[in-house]
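With chain S held as given, fit chain Y onto it using these hints.
In case you want the letters, here they are:
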Amino acid sequence: DAKTTQPNSMESNEEEPVHLPCNHSTISGTDYIHWYRQLPSQGPEYVIHGLTSNVNNRMASLAIAEDRKSSTLILHRATLRDAAVYYCILRDDFGNEKLTFGTGTRLTIIP
Amino acid sequence: EAGVAQSPRYKIIEKRQSVAFWCNPISGHATLYWYQQILGQGPKLLIQFQNNGVVDDSQLPKDRFSAERLKGVDSTLKIQPAKLEDSAVYLCASSLGRSNHEQYFGPGTRLTVT
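Chains S and Y, in that order, give the protein sequences. Sequential numbering from -6 applies to the first sequence in our numbering. Sequential numbering from 550 applies to the second sequence in our numbering.
Chain S extracted, bound-state conformation (with noise of 0.2 angstroms):
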C-alpha cells in the first residue's frame, strides 16, 4: 500500500479555516485519496475522498495538488467539536478496499 505523511500535531483556534495536510508522493494512478477523523472515544467517521479534482461537501473540502504527491484537508470553520485525530488514506479503486489507517494528525481547537 502506498505511504502517507501527515503532521502528528496540530493547533487552530475556533470559527477559524484549519489547512491539514498530506503527503503521498507514491500514490499510484488508482489510489483514492481518503479522509476520516476519530473524535475522542468514539469509531473513525469518513469525511471526504477524491481522486483528482478538488472536492467539496457539508463537512470539509479536499484540495488535490495537481501531480496528486499531496492533498489538503480544509475545514472552514473550525469548531470545538473538530477536534479529532485525521487521518489520510490511499484507498486502490482496484484492490480490496481495506483502508491502511496511520497515525495521523491530531487537531486541537483552542476557543
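Because the hints were derived from the structure by calculation, they are not lab data. We put the beta carbon where it would ideally sit given N, CA and C, even for glycine. Be careful, since some hints might not be right.
What the hints assert, rightly or not - With a straight-line cut-off of 35 angstroms between C-alpha atoms, the simulated DSBU-like cross-links for lysine-lysine are: (1) S:K91 / Y:K593; (2) Y:K620 / S:K91; (3) Y:K593 / S:K62; (4) Y:K627 / Y:K560.
Stated by the list, open to error - To list a few chain Y residues with every Cβ distance to chain S over 10 angstroms, as calculated: (5) I561; (6) R565; (7) S576; (8) L609; (9) G621.
Just chain Y now, with coordinates in the frame of chain S:
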C-alpha cells in the same frame, strides 16, 4: 438509519481467558470489517468479509483469533486465549461494497487483558 452496533462496549479479562465480540452492521451492507486499534495507533484491519466469505484475513493472528459472519449479516470476533498485548479497542465497520467508498464504524469494544 441505525448505525453499526457493537457489544459489549467494555470487557476486562485475565490473560489466557477467552472473549467474544459481536457486531451488527448497517442493514444491506455487504462488506464487514474488524479492526484492532492499540492505544496511540491507527486502526489495523484484522479481517474483511464480503457477505459471508472472507476477502482478507492476512493480519489476523489465526492461532488465537477467529471470526465468522453467518448468513452474511452479524459477525463475531473471538480471542482464545487472550494475551496482554491484545488489550485494544476492537472496531467493526461496514460498507455497501466496491462501488461505495464510505466505511461506517461502530463505537468499538474496549478490551483490557490483565
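Report task. Provide an ascending list of the numbers of those earlier hints which the structure does not satisfy. Result -> The structure breaks none of the hints.
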